[in-house]
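Participant: Protein chains in written order, with the UniProt record's numbering: chain G, 1 to 522; chain V, 1 to 522.
Be a bit skeptical, because a hint or two may be false.
What the hints assert, rightly or not - The calculated DSS-like cross-link candidates involving lysine-lysine, where the alpha carbons are at most 30 Å apart (straight line), are: (1) V:K23 - G:K128; (2) G:K72 - G:K8; (3) V:K519 - G:K277; (4) G:K128 - G:K291; (5) G:K519 - V:K23.
Stated by the list, open to error - Here are some chain G residues the structure puts well away from chain V; computed CB gaps all over 10 Å: (6) E12; (7) K34; (8) H42; (9) K70; (10) L123; (11) I157; (12) S171; (13) E219; (14) A333.
Since the hints were made in silico from the structure, they are not lab data.
Even for Gly, the Cβ is constructed at its ideal location relative to N, Cα and C.
2 protein chains.
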Amino acid sequence: MEQINSTKEWQELNNYRNKINLKELFNSDPNRAKDFAIRTQHLYYDFSRQLIDRKVFELLLKLADKAKLKEKISSMFAGEKINKTENRAVLHTALRSFSSTEVNEVLSKIEQFSCKVISGGHLGATGKKLKNIISIGIGGSYLGPEYLAQALRPYAIKGMNLRFIANVDGSDFAEKTIDLNPEETLFIVVSKTFTTAETMKNAETAKKWILKALNNHPESILKHFAAVSTAKEKATAFGIAPENIFGFWDWVGGRFSATSAVGAVPLSLYLGFECFKIILHGASFMDEHFKNTSFEKNIPVICGLIDIWNINFLGFKTRALLPYFQGLSKLPAHTQQVEMESNGKMVDIEGRPVGFDTGEVVFGEPGTNGQHSFYQLIHQGTQTIPCDFIGFIKSQYNLNEDGITHHEELMANFFAQPDALAFGHKNFPGNRPSSSLLLEELNPFTAGLLLSWTEHRAAVKGFIWGINSFDQFGVELGKVLGLKIREEIIKNHKNKDYKVSKESYPASHVALNSFFEKKLPS
Amino acid sequence: MEQINSTKEWQELNNYRNKINLKELFNSDPNRAKDFAIRTQHLYYDFSRQLIDRKVFELLLKLADKAKLKEKISSMFAGEKINKTENRAVLHTALRSFSSTEVNEVLSKIEQFSCKVISGGHLGATGKKLKNIISIGIGGSYLGPEYLAQALRPYAIKGMNLRFIANVDGSDFAEKTIDLNPEETLFIVVSKTFTTAETMKNAETAKKWILKALNNHPESILKHFAAVSTAKEKATAFGIAPENIFGFWDWVGGRFSATSAVGAVPLSLYLGFECFKIILHGASFMDEHFKNTSFEKNIPVICGLIDIWNINFLGFKTRALLPYFQGLSKLPAHTQQVEMESNGKMVDIEGRPVGFDTGEVVFGEPGTNGQHSFYQLIHQGTQTIPCDFIGFIKSQYNLNEDGITHHEELMANFFAQPDALAFGHKNFPGNRPSSSLLLEELNPFTAGLLLSWTEHRAAVKGFIWGINSFDQFGVELGKVLGLKIREEIIKNHKNKDYKVSKESYPASHVALNSFFEKKLPS
Numbered sequence: 001m002e003q004i005n006s007t008k009e010w011q012e013l014n015n016y017r018n019k020i021n022l023k024e025l026f027n028s029d030p031n032r033a034k035d036f037a038i039r040t041q042h043l044y045y046d047f048s049r050q051l052i053d054r055k056v057f058e059l060l061l062k063l064a065d066k067a068k069l070k071e072k073i074s075s076m077f078a079g080e081k082i083n084k085t086e087n088r089a090v091l092h093t094a095l096r097s098f099s100s101t102e103v104n105e106v107l108s109k110i111e112q113f114s115c116k117v118i119s120g121g122h123l124g125a126t127g128k129k130l131k132n133i134i135s136i137g138i139g140g141s142y143l144g145p146e147y148l149a150q151a152l153r154p155y156a157i158k159g160m161n162l163r164f165i166a167n168v169d170g171s172d173f174a175e176k177t178i179d180l181n182p183e184e185t186l187f188i189v190v191s192k193t194f195t196t197a198e199t200m201k202n203a204e205t206a207k208k209w210i211l212k213a214l215n216n217h218p219e220s221i222l223k224h225f226a227a228v229s230t231a232k233e234k235a236t237a238f239g240i241a242p243e244n245i246f247g248f249w250d251w252v253g254g255r256f257s258a259t260s261a262v263g264a265v266p267l268s269l270y271l272g273f274e275c276f277k278i279i280l281h282g283a284s285f286m287d288e289h290f291k292n293t294s295f296e297k298n299i300p301v302i303c304g305l306i307d308i309w310n311i312n313f314l315g316f317k318t319r320a321l322l323p324y325f326q327g328l329s330k331l332p333a334h335t336q337q338v339e340m341e342s343n344g345k346m347v348d349i350e351g352r353p354v355g356f357d358t359g360e361v362v363f364g365e366p367g368t369n370g371q372h373s374f375y376q377l378i379h380q381g382t383q384t385i386p387c388d389f390i391g392f393i394k395s396q397y398n399l400n401e402d403g404i405t406h407h408e409e410l411m412a413n414f415f416a417q418p419d420a421l422a423f424g425h426k427n428f429p430g431n432r433p434s435s436s437l438l439l440e441e442l443n444p445f446t447a448g449l450l451l452s453w454t455e456h457r458a459a460v461k462g463f464i465w466g467i468n469s470f471d472q473f474g475v476e477l478g479k480v481l482g483l484k485i486r487e488e489i490i491k492n493h494k495n496k497d498y499k500v501s502k503e504s505y506p507a508s509h510v511a512l513n514s515f516f517e518k519k520l521p522s
Numbered sequence: 001m002e003q004i005n006s007t008k009e010w011q012e013l014n015n016y017r018n019k020i021n022l023k024e025l026f027n028s029d030p031n032r033a034k035d036f037a038i039r040t041q042h043l044y045y046d047f048s049r050q051l052i053d054r055k056v057f058e059l060l061l062k063l064a065d066k067a068k069l070k071e072k073i074s075s076m077f078a079g080e081k082i083n084k085t086e087n088r089a090v091l092h093t094a095l096r097s098f099s100s101t102e103v104n105e106v107l108s109k110i111e112q113f114s115c116k117v118i119s120g121g122h123l124g125a126t127g128k129k130l131k132n133i134i135s136i137g138i139g140g141s142y143l144g145p146e147y148l149a150q151a152l153r154p155y156a157i158k159g160m161n162l163r164f165i166a167n168v169d170g171s172d173f174a175e176k177t178i179d180l181n182p183e184e185t186l187f188i189v190v191s192k193t194f195t196t197a198e199t200m201k202n203a204e205t206a207k208k209w210i211l212k213a214l215n216n217h218p219e220s221i222l223k224h225f226a227a228v229s230t231a232k233e234k235a236t237a238f239g240i241a242p243e244n245i246f247g248f249w250d251w252v253g254g255r256f257s258a259t260s261a262v263g264a265v266p267l268s269l270y271l272g273f274e275c276f277k278i279i280l281h282g283a284s285f286m287d288e289h290f291k292n293t294s295f296e297k298n299i300p301v302i303c304g305l306i307d308i309w310n311i312n313f314l315g316f317k318t319r320a321l322l323p324y325f326q327g328l329s330k331l332p333a334h335t336q337q338v339e340m341e342s343n344g345k346m347v348d349i350e351g352r353p354v355g356f357d358t359g360e361v362v363f364g365e366p367g368t369n370g371q372h373s374f375y376q377l378i379h380q381g382t383q384t385i386p387c388d389f390i391g392f393i394k395s396q397y398n399l400n401e402d403g404i405t406h407h408e409e410l411m412a413n414f415f416a417q418p419d420a421l422a423f424g425h426k427n428f429p430g431n432r433p434s435s436s437l438l439l440e441e442l443n444p445f446t447a448g449l450l451l452s453w454t455e456h457r458a459a460v461k462g463f464i465w466g467i468n469s470f471d472q473f474g475v476e477l478g479k480v481l482g483l484k485i486r487e488e489i490i491k492n493h494k495n496k497d498y499k500v501s502k503e504s505y506p507a508s509h510v511a512l513n514s515f516f517e518k519k520l521p522s
């Protein structure tokens with residue numbers, strides 16, 4: 001297939017660059033606010049402050065057609081093996097459609113397990129209630145679930161705690177366990193292959209921690225460990241009871257796995273299984289919207305097309321995600337993975353180098369915090385950073401307030417910033433693009449909806465660029481070299497005089513040999 | 001003064017773009033690893049994997065001379081009013097030189113207060129020990145102190161907790177106080193002017209929370225509140241005892257204030273005053289290095305020059321900060337503020353538009369977490385993201401491990417990633433630039449040192465670009481518009497039929513009027 005930047009549609013968009021002025025557009029087009037917004041059940045998406053006019057919008061929709069976006073979306077939902085480098089289907093949407101027998105079986109098993117733990121039917125080895133849940137996993141095995149856990153803290157079952165240990169840095173384990181009673185603690189080891197280096201290291205440390213505290217009680221591992229993995233034999237060999245191992249499938253990629261057992265096990269224990277099911281319904285709502293809505297009203301499609309306009313035609317390669325809600329503080333980190341791991345690719349699906357920019361950098365902090373930090377650059381810096389604002393009609397908390405509430409103060413800022421960016425003032429140039437997503441409240445349904453929105457928006461871009469958004473070979477080299485240096489450390493353990501050579505490590509031999517001696521290079 | 005991009009030195013650098021290949025450089029220059037690294041007491045800075053050769057390095061040093069960097073640094077340390085738009089000196093370095101009487105007086109007052117609270121000489125109104133410290137502040141009033149608190153958790157005084165409330169979103173207050181006993185809680189209200197909207201809103205909510213729990217005990221505010229502010233009258237009017245108000249000065253900018261009372265009060269309560277003093281010594285060590293070291297061995301200067309090379313000549317406008325240490329998880333957010341608020345400027349110090357790029361976007365997560373997330377784009381994306389790695393010889397924790405430790409696993413990755421980026425392999429192009437900073441351990445001294453390093457690196461760029469890195473007018477417009485919308489909300493409170501007009505709010509009237517009705521636009 002022809003690369004997308006060779007098409008007439010791409011060229012036409014290219015001819016349109018730098019022609020847009022937002023003030024003029026709103027002046028000349030009285031229906032702009034209305035027409036450049038999508039109203040649908042559960043959300044309102046306003047893209048009127050993006051640097052696009054009716055012509056650009058039309059051309060972007062044509063680009064989507066040219067890229068066969070509709071067909072590609074259908075192929076994904078149909079379970080075709082669109083992840084070609086790994087010869088796999090991409091079916092995270094099937095995790096929340098309640099139509100797959102194998103999915104339903106795992107969900108049912110998770111429902112039983114979580115009910116047993118929460119109700120006290122599954123106790124710790126010494127008979128105590130398990131109230132501290134620690135999920136051990138890295139990358140996609142924690143970023144999505146952590147976002148959901150943070151977003152839904154007010155929905156947590158009273159007395160249940162949920163923490164995540166990801167980093168191989170022992171500080172992460174030490175600090176997350178320092179105030180916990182091992183007798184009341186349940187670990188969930190989350191690793192597709194049950195071989196992820198960081199996760200297995202932390203799992204081994206957790207095992208020692210439990211065994212020591214429980215005086216090697218014979219049921220220590222059986223009662224205090226569960227696993228989420230496709231490698232049941234390895235998890236069993238670790239000592240985990242088969243009934244506490246929850247599977248998923250090769251058609252669920254790590255960064256798309258929050259609605260699989262990866263999220264279901266920790267979140268059902270923390271929020272209850274019924275609550276987790278509502279997350280699935282929310283994600284499914286957005287899946288259906290994405291699958292069935294014509295493109296000119298399709299929110300993930302329009303978001304993806306706008307990103308392409310900003311990246312490829314306007315040259316804005318960094319995007320800020322600015323949720324005006326403290327509960328969404330982990331959404332930027334999750335989105336960072338979904339976008340940058342999916343679309344940080346330099347070859348297309350046929351292996352050819354792409355001749356244009358792909359994935360953008362995504363960063364962000366909750367508003368209003370960011371306003372007192374990096375917004376200076378967004379308003380008056382020399383680079384343009386397209387912004388996505390997310391706001392809610394209602395708060396999650398009622399602080400019994402008089403007069404103007406915390407939430408109203410927050411939302412005054414949510415409404416003010418996009419206008420300030422778009423229209424400027426005095427020393428503010430304006431014409432800086434943003435979109436706003438408005439939802440009723442942050443609850444399990446909308447948290448799931450936002451998760452699915454994030455996933456599909458990234459997929460839209462990959463489909464149009466013609467890259468494979470579903471593999472991640474870029475993490476491999478770092479892993480391989482990490483293992484090589486690990487071997488050098490082991491050699492040094494065995495022989496304290498062992499040093500690495502300048503020839504093998506032209507850049508890092510000085511620091512590495514110094515590390516062997518536990519001191520700085522002098 | 002001539003703009004820097006008009007100089008011969010700038011032009012010479014411009015002629016040198018895109019000529020660098022790291023593999024070739026290491027092959028052709030056997031002393032590269034040694035010569036492109038700075039060894040000094042307490043740290044080792046390796047910039048051999050940046051895309052610079054000896055000629056570029058020399059030209060960058062010439063650029064610094066041309067920009068009169070030496071004189072500008074001296075002016076800053078001498079207390080000249082280099083923040084010209086606000087007519088202020090920039091003297092955060094004086095906060096840790098122990099040579100200013102007014103600084104020493106405040107420090108001494110903080111020492112006494114923190115000792116009294118920690119020892120139980122200052123109790124809550126109902127006679128309980130104050131063990132929960134909550135610092136209320138936003139932007140520079142929390143990002144630096146939060147970074148330090150997170151970095152130094154193992155140094156905390158047993159039984160003392162420290163939390164930060166920044167966001168005007170009521171969730172932040174609700175979640176940070178949900179498990180605390182008000183009788184044991186001390187709030188520190190941190191606001192230079194004692195008018196910051198978010199901070200005053202949270203302070204008022206804190207006051208109500210304390211008064212309600214303490215049945216309006218007459219000593220509620222006197223015993224449970226302290227303030228850090230230059231506006232002593234306003235803090236007194238709030239009800240705070242004069243002896244619990246700690247001042248600072250107009251020559252301390254918000255984002256440079258972590259070593260003033262802004263950081264000193266919460267951190268002395270959390271870590272003890274002696275520990276806080278060591279932070280100051282660490283910052284001072286880096287101040288002295290910055291002030292006295294010739295540029296070719298001066299770490300903040302070289303970092304700033306490399307950033308300029310990457311931004312202005314190679315076009316890399318986003319930088320990743322990647323600490324291989326969980327305790328530094330808040331350093332990227334703090335650095336984001338220091339860099340983006342300081343250098344996100346489009347006019348120079350004489351008010352002329354700059355004709356080149358200024359501040360970069362900074363983002364990051366601790367390693368190895370980031371490796372399983374956005375590193376895909378860093379390794380194989382179409383944009384080049386210069387990386388800063390930070391690592392430590394020793395861990396903060398001893399987990400009693402056999403064989404290869406958590407910390408060694410972590411450091412294997414710390415050493416592997418820069419080489420993978422620089423030298424590539426198979427489908428990895430390599431030639432992607434990074435620097436590595438290696439320190440002995442993360443302790444109060446090095447945490448302070450890193451703070452100062454971050455501050456001076458940003459200042460170096462501003463000095464060379466000829467912009468004012470010490471004001472932040474870019475946050476004003478958002479504030480003004482926020483207050484305008486706040487007024488609209490109040491009008492609607494008074495008259496439920498009140499709506500904003502399309503003329504006044506061409507983009508946001510639909511969403512805002514709908515928010516008044518507490519529902520989504522339909």
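Participant: A separate judgement is required for each hint: does it hold in the structure or not?
Facilitator: Hints, verified against the model:
Of the pairs offered as hints, the one joining V:K23 and G:K128 is violated, with about 59 Å between alpha carbons and a cut-off of 30 Å exceeded. This hinted pair checks out: G:K72 and G:K8 have alpha carbons roughly 20 Å apart, not beyond 30 Å. Taken as a hint, the V:K519 and G:K277 pair is honoured in the structure, with Cα atoms around 25 Å apart against an allowance of 30 Å. Between G:K128 and G:K291 the alpha-carbon distance is near 47 Å, which puts this suggested pair outside the 30 Å criterion.
Using a Cα cut-off of 30 Å, the hinted pair G:K519 and V:K23 holds, with the two alpha carbons roughly 28 Å apart. Every CB of chain V lies more than 10 Å from the CB of G:E12, the least distance being 22 Å, so the non-interface label holds. Not every C-beta of chain V lies more than 10 Å from that of G:K34, the closest at about 7 Å, which undercuts listing it as non-interface. Not every beta carbon of chain V lies more than 10 Å from that of G:H42, the smallest distance being close to 8 Å; the non-interface claim is violated.
Distance check on G:K70: its Cβ is at least 26 Å (rounded) from any Cβ of chain V, clearing the 10 Å threshold; non-interface status holds. Under the 10 Å C-beta cut-off, the non-interface status given to G:L123 relative to chain V holds; the minimum distance is some 24 Å. Under the 10 Å C-beta cut-off, the non-interface status given to G:I157 relative to chain V holds; the minimum distance is some 15 Å. Here G:S171 does not stay apart from chain V, with its beta-carbon only about 4 Å from theirs, under the 10 Å limit.
With a least beta-carbon separation of about 24 Å from chain V, G:E219 lies farther than 10 Å from that chain, consistent with its non-interface assignment. G:A333, annotated as away from the interface, has a beta carbon of chain V within 10 Å; the closest lies near 7 Å.
The structure fails hints 1, 4, 7, 8, 12, 14 (numbered hints given earlier, in ascending order).
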